[in-house]
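These protein sequences, in sequence, are chains S and G. Numbered continuously in my numbering, the first sequence closes out at residue 264. Numbered continuously in my numbering, the second sequence closes out at residue 1509.
Calculated from the structure, these hints are not laboratory results. Computed from a prediction, not measured in an experiment: that's the story for all the values here. Check before you lean on any hint, since a few could be wrong.
Said to hold, decoys possible - Dumping the calculated BS3-like pairs for lysine-lysine here, alpha-carbon to alpha-carbon at most 30 Å:
id	chain 1	residue 1	chain 2	residue 2
1	G	K1321	S	K88
2	G	K1274	G	K1321
3	S	K88	S	K60
4	S	K21	G	K1014
5	S	K88	S	K100
6	S	K21	S	K88
7	S	K100	S	K60
8	G	K1321	S	K21
9	S	K63	S	K100
To be verified - Chain G residues, not near chain S, derived (Cβ > 10 Å throughout):
id	residue
10	A1036
11	R1088
12	D1155
13	G1292
14	T1339
15	E1423
16	P1429
17	Y1493
Don't be surprised by glycine CBs; every beta carbon is placed ideally from N, CA and C.
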Amino acid sequence: MPVWTLFGLGRGLATTPWPGKQDAAVQPGVLGLPRYQSDRCDEDCRVCAEACLPGAMDVKDGKLLLDYGKCIGCQLCTEVCPNEVLTKSQDWAFGVRERKDLVWAEALASPAARELKNGIRRHFKRSLHIRHVDAGSCNGCESELQALNNPFYNLHRLGIFFTPSPRFADLLLVTGSVTYAMRGPLQETWNAMPEPRWVMATGTCAVSGGVTGGGYACGHGLEGILPVDLYLPGCPPNPSAIIHALLLLLHRAGQRVSGGRYAG
Amino acid sequence: MMPTVERVPGRGMKGTAERTVWPHSIPQACEDLMQAGARLQMAYAWFPRPGQPAEVIYLADRAPHQPFEILRCNLTEQTQELPSMTPRIPLLGWYEREMHELCGIHFRGHPELRPLVLHEGAAPPMPPLDPRYQPTGMMPYTESPWDLPPVEGDDVQFLPFGPVRADVLESAQIVFFYVGEAILHCHPRLFFKHRGMEKRFEGLTPAMGALIAERISGVDSVAHTLAFCQAVEAACGCAVPPRARFLRTILAELERLYNHLYYLGHLCHTTTLKVGEAEGKLLAERSKQINGMLTGSRFLRALIMPGGLRRDLDLAALLGKLRMLEPEILRYMEMLEQTNSHLDRLITTGHLPQQFAFDQGATGPVKRASGIQHDLRCDHPYAAYGQLAMEIPVRTDGDAHARVQVRMEEVRNSLNLLYSAIEAISGGPVRAECNPIPLAEGLGWCEASRGSTYYCVHLNGEGRLARVKVKSPSFSNWRVFPYTVHDTNMMDYAINEASFGLTMAGCDR
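Isolated chain S (complex conformation) (with noise of 0.2 Å):
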């Protein structure tokens, strides 16, 4: 055992120093969701939207309705744009307060400087319980969750904490596209949050039902279940997405989408 303690003082820090500091290239080479150029779109084009599987893109009128919600980051519609209108970006922190926030917006409105309800820095400060609930993912979410509390991401270091109990918890972290017979335990789940509490739909599963929702056994993820205090659409999100969203939470980092567009 002395072996393994001195192996641990030896390896020295493994931990990544974002987001405290901003600059650090967190996340190298991973693709976020594709970046939409409206300017140089073809009005009568249709070929992204008969290439998007889980129709987060449409056309309607000659102009083309993107909706991050759905985008499962599969990449097809930046091989098969003809103008590059949609290109590959690296943009994947796109935790939204509200889910409108991720659908492409012909005028853009103010940014969203909606207090959550009830004020969730009054309640906690900088500190967060999370309970987290598999509602039938593909186990890429969860892959990055259980990733948050390596050594290099190391949640802990903010302060943030998964919880075994939902009795502790002040946040329900949910991914999947809510399964017919994980839909009770979910509801059971909530119902034993003690108030206030908050919902989080990770992953575009959660937020829309992806390409995995409808069908005989999946809901379309939180959507009409429970009231969403926070969107984080990706297939998976990696983890620094959810740290990201997670901090957008508690008012400790600022939102980066709004209207469907990505401010870096």
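Following the hints, put chain G in place on chain S, whose structure we already have.
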């Protein structure tokens, strides 16, 4: 309107030796296969013509480098049931139950025809995999009492653990009947995460099907997509260019690497070796970061498609990064093997005898830790494995420690395979045309980090997917796992479960 699928003479499931049998001769045909040394791998049903009776397909692996054997059996209006093969071949038990629930086929003489995939209280208007069933919403469901085996006794305690479990874990419920520390009976209730994924393939083009395959089991994205694409390529007679085959091999081994490293870290978590846990998970993270830098996806997604790869990869930096990681991995595994407190918890824990592993259908490292030498990469080479030398690590102890040792050997093998593949890879295109052939059928397979993955693909008259059957390794190993839990103790349970390295998403689909 669903297009009709007609069997064309001279066609059939590509990549296999197939035979059509009558329902009543199934037992004899299976017996013959067993006598010839074959092991049944899976069975499934599909509906070649909507509204007509189903066809049941049995897949067997006869011998290395021989084509897989397939038995096809057409049900008729008169014969809608089959003799159950479970009493003779126990590993078929879950496949028959699955066909019973999802395809409405009855199996005469099945010893445990209880709900498996669909929970008690689920009431689809018709069997979900019937192509006429086009659901407009979730099937009706009312939570109902569970069908549990009766376990009685004065001091017997009952613990339903889950489906929401401690930590960040996938949903599953493990029901324990126990006295003090001793577990009398363990009854996993799985399939909380059944998403109906096989149905999602229906009507898609093969290229879109790859996106669904990637999302069956996130941490096995490459294995599933590869098996799916190879099935489509077999069906359509598409030859994948050599560079793409090598790149696919590299992706598959990178996937094995991060999964096995995470596995070692998680196992330390269950034996409370904290620094070992941190180190294993850190190595897994660095492995995932290498994936991200190489492909843009930490799960190696959005690359493999029918015909090859969507785009070429720049391997220039990969070798250096692996060389940097290797000494740390080797040192870590060496230290684990010298830590008595860790080994004490693993040795003799969760013993799985060889005969049991064979009969109940264990696969992957679990099977190889119980003395069964079989690995699809060697025995039925795909991608570029036929051109690369590798060994199959085997242990005979069948305990948690053996399962760890097999995986550690596989980590070393993976690194060597990666080095050889990077050295041997040549230039050239990474994609060939893979035009869907109407009514074609194909089998694809892949040795995932957790074991054998099979995909059977049937195309319809328009060259779209009519039926895709997914056989994931966790489906096989979850069936085996409870047998190693009965008559053990509660303290060892978490260690035993971690030593199997199971996923729920792959099992439940």
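Does K1321 of chain G lie within 30 Å of K1274 of chain G when you go C-alpha to C-alpha? The hint holds at about 26 Å.
Status of the stated non-contact between G1292 of chain G and chain S (beta carbon gap over 10 Å): Since the minimum Cβ distance to chain S is about 4 Å, G1292 of chain G lies within 10 Å and the statement is violated.
For K1321 of chain G and K21 of chain S, compute the direct alpha-carbon distance and say whether it is at most 30 Å. 25 Å, holds
Closest CB of chain S to the CB of E1423 of chain G still more than 10 Å away: 23 Å, holds
So T1339 of chain G supposedly isn't at the interface. Is its beta-carbon more than 10 Å from every beta-carbon in chain S? 7 Å, violated
Next pair to validate is K63 of chain S with K100 of chain S; report whether the Cα-Cα distance is within 30 Å. Roughly 17 Å separates the two Cα atoms, so the pair holds.
Between the alpha carbons of K21 of chain S and K88 of chain S, is the straight-line distance 30 Å or under? With Cα atoms ~25 Å apart, K21 of chain S and K88 of chain S stay inside 30 Å; holds.
K100 of chain S and K60 of chain S were given as a pair; does the straight-line alpha-carbon distance stay at or below 30 Å? 18 Å, holds
Mind checking the alpha carbons of K1321 of chain G and K88 of chain S for me, to see if they're no more than 30 Å apart? The given pair, whose Cα atoms are some 24 Å apart, holds under the 30 Å limit.
Is the claim that R1088 of chain G lies outside the interface with chain S correct, judged by CB distances over 10 Å? 31 Å, holds
Looking at P1429 of chain G again, its CB stays over 10 Å from all of chain S? At roughly 16 Å from the nearest Cβ of chain S, P1429 of chain G sits farther out than 10 Å, so the non-interface label holds.
Would you check the hint for K21 of chain S and K1014 of chain G, treating anything up to 30 Å between C-alpha atoms as holding? 55 Å, violated
The structure does not agree with the numbered hints 4, 13 and 14 stated previously, though it agrees with the rest.
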